[in-house]
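Place chain B on chain A using the hints.
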Amino acid sequence: MPEVNPSGTTTRGDTTRTAALLVLCLAILAIAIGYAAAFRQNGAPVWAPWLLALGIPISLGAIMTLGAARGRSGIGPLKLPFLFVVAVLAIGFCAALALPATESPLSKLWLGLPARAAVVIYGIGLLPIVVLPVVYALTFETQTLSAEDVERVRAMGRENRERTSLGSDVSDRELSE
Amino acid sequence: MIQLSTPAALLQVALPSAAQPAVIAVGVLYFSVVVAISVWAARRTRTASDFFVAGKGIGLVALTVASVSVSVSGFAFIGGPGFIYAVGLGAMYIVLPAAVTNVMGAWVLAKRMRLLGEARNLITIPDAIGARYRSPAAQGLAAVAMLVGIVGYMATNALAMGVVIDSIFGVGLGWGIWIGMGVTLAYSASGGILAGIYNDVFQGMLMAAASVLVFLFVLGYGGGLGEISRTILAHDPTFLGPWGKLTPLAALSFFFVFSMGSLGQPQAVHKYYMLRDPLQLKWYPLLKTLGLVLVLLLYFSVGVGVKAFVLDGRLPPLASPDQATPSLLLNVTPIILAALVFSGVAAATMSAANSFINIGAAIVTHDLPIAFGRRVKNELGWGRAITVLIATAAAITAQRSGTMVAFLGIFGWGLFASTLVPALAVGLNWQGATRAGAIASIATGLVVTLALETAAYRKVFTFPAGVTASAVAMVASFLVFFLVSWLTRRAAPLELDADVQLVMEL
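Residue numbers (this note's numbering), protein chains in the order written: chain A, 167 to 343; chain B, 36 to 541.
So that you can see chain A by itself, here it is in the shape it has in the complex (with noise of 0.2 Å):
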């Protein structure tokens, strides 16, 4: 039985936050170790990018869920958009590091664009903008906010306001007498 927090809601969101914590802290250590790498006196292995490639599609896939993840569901219907965005992105960059470089004036080109700047830029660029936003509006009053979430920050908003109101007339009354 999940423990319940003193807003009402469960533990199953903090586990997702800690699993998201801990992903977040791995990608970012893998970038600092990318940039470390860089320090070397023969210059930047071939490997730094792809520690760069594959940690900032992570890190920015971990800060969404640690932010998105609530109560009970954790991220709920969010999994698979964030996990197509991540996987788009990351695919993207290990596309363009990995595919050999065939520009020419008689290259195939997809809207306009040769084959790995239309990775690039319709890929990265694009997709995730048909998904996320869209996918934010759609979750909104479920897994973002309610009617119900505003109205219970305002209570305790009215209730701070009186608590402080009420212990500013309390010192104003010792200090006249």
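Don't read these hints as lab results, they were simulated from the structure. Keep in mind it's a predicted model, so treat the numbers as computed, not measured. Possibly wrong hints are sitting among the right ones.
[Stated by the list, open to error] Ranges between beta-carbon positions, derived for each pair:
#1 A:N326 with B:R493: 48 to 54 Å
#2 B:K412 with A:C260: 55 to 61 Å
#3 B:L251 with A:E314: 42 to 48 Å
#4 A:G209 with B:E262: 34 to 40 Å
#5 B:V63 with A:L292: 34 to 40 Å
#6 A:W276 with B:P56: 41 to 47 Å
Each residue gets a CB set at the ideal place from its N, CA and C atoms; glycine is no exception.
Just chain B now, kept in the frame of chain A:
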């Protein structure tokens, strides 16, 4: 390898004169609209909340367009296309993150900051850090870091304004700086962020219209993207490679700094407080992303298009990459389109400057006094006074040599990223983060960025190809944040107020 650390390094060279009747007329019309909006907004600004966060009463569409407007500086219109012209598609890694950054910001920050504003009446970013860690010290340190970054950004934008106004009206750089800052100051001081927001809306629409029209013109003039690509591939195939003429590490580094770093950019993050109804956040990322795509069409099309037109002899070779946009506008496009774009560049620099003036004034009148346990009684009055001081200081600094101003501007983006992203973006989503972790992380970002940028500026030290001070500082700040928070993890539950905890768990 070509070095260009951040978009702040914009418009440091003179633009060719565009002082023709049509350009001047559109320029005068543009400034008239800005003044009219400012007069209207000044009449509606009565409290500090109106002045700094527009009374938390801005609607979705206005906020989105304003946010797009402040997210792109003049770099998107001048320096960016020039950067593509110089290094090819590698320069796109600065703007490609826009595909994910807006929605990432919405998930990571927007909801929590807007709800914190609701619960605590917060009005600044350091306010959020102070509330999260129950720490005036963390709030004060974040405020100092932001103020250092703002000084650099403001000076760079003031210089950029001077360059553009000189190009439109032919008044000279010095007068251009004072006219640009004078107009920006007039609406910043009188109408605060309310004037800023509605001017941003006008300026954002102007930028989007200019960008789309130039994009369509370039495609038409070049015979479509395929023809443009064929011309480039015949002469310089590397230009259209996935990294352009950058190393893979350099291009990926841009992507990292401009994606993760976006979570610490105050001009965008501060806007979350201003939305009238938190539930309107639902459509914010979609609208903002689409708006950004429209504004950035010029960045891509001019950079690639001008390269092809120079290679096939339709445009003369450029004296410097920054001349890519002016050369296209003054040699090829209809003059009215050129006028629109020049006004769009002025709009971009003014909207960014206004936003930073306002944030800087809030830091001086609100955050720093709180850090020292004091409160300013008349925040609105002091806010207006500090606005005048910041704008004047920026204009005076901008009169100095271009290299000094460029140096000040270079670390702006990186400084915001390295000092704010871990403490704010991760801290608002991780209850295990501690006050000590936040303070250590902000201090690390501040010290590492300043030390590395200064060492590089004074040529004491040269970074390996592909590595920038911004990236190293952000990574260091992250690692310090995780490590110190873990070492002091027992303090974490004691540093979290119930309302903040509720906001973090929703």
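Going down the list of hints, with the structure as the test:
A C-beta distance of roughly 49 Å is found between A:N326 and B:R493, which places it inside the suggested range of 48 to 54 Å. Checked against the given bound of 55 to 61 Å, the beta carbons of B:K412 and A:C260, roughly 58 Å apart, stay inside it. A C-beta distance of roughly 46 Å is found between B:L251 and A:E314, which places it inside the suggested range of 42 to 48 Å. With their beta carbons about 38 Å apart, A:G209 and B:E262 fall inside the hinted range of 34 to 40 Å.
For the hinted restraint 34 to 40 Å between B:V63 and A:L292, the CB-CB distance of approximately 38 Å keeps it satisfied. Look at A:W276 against B:P56: about 44 Å separates their beta carbons, and that is inside 41 to 47 Å.
In summary, the structure agrees with every hint in the numbered list given earlier.
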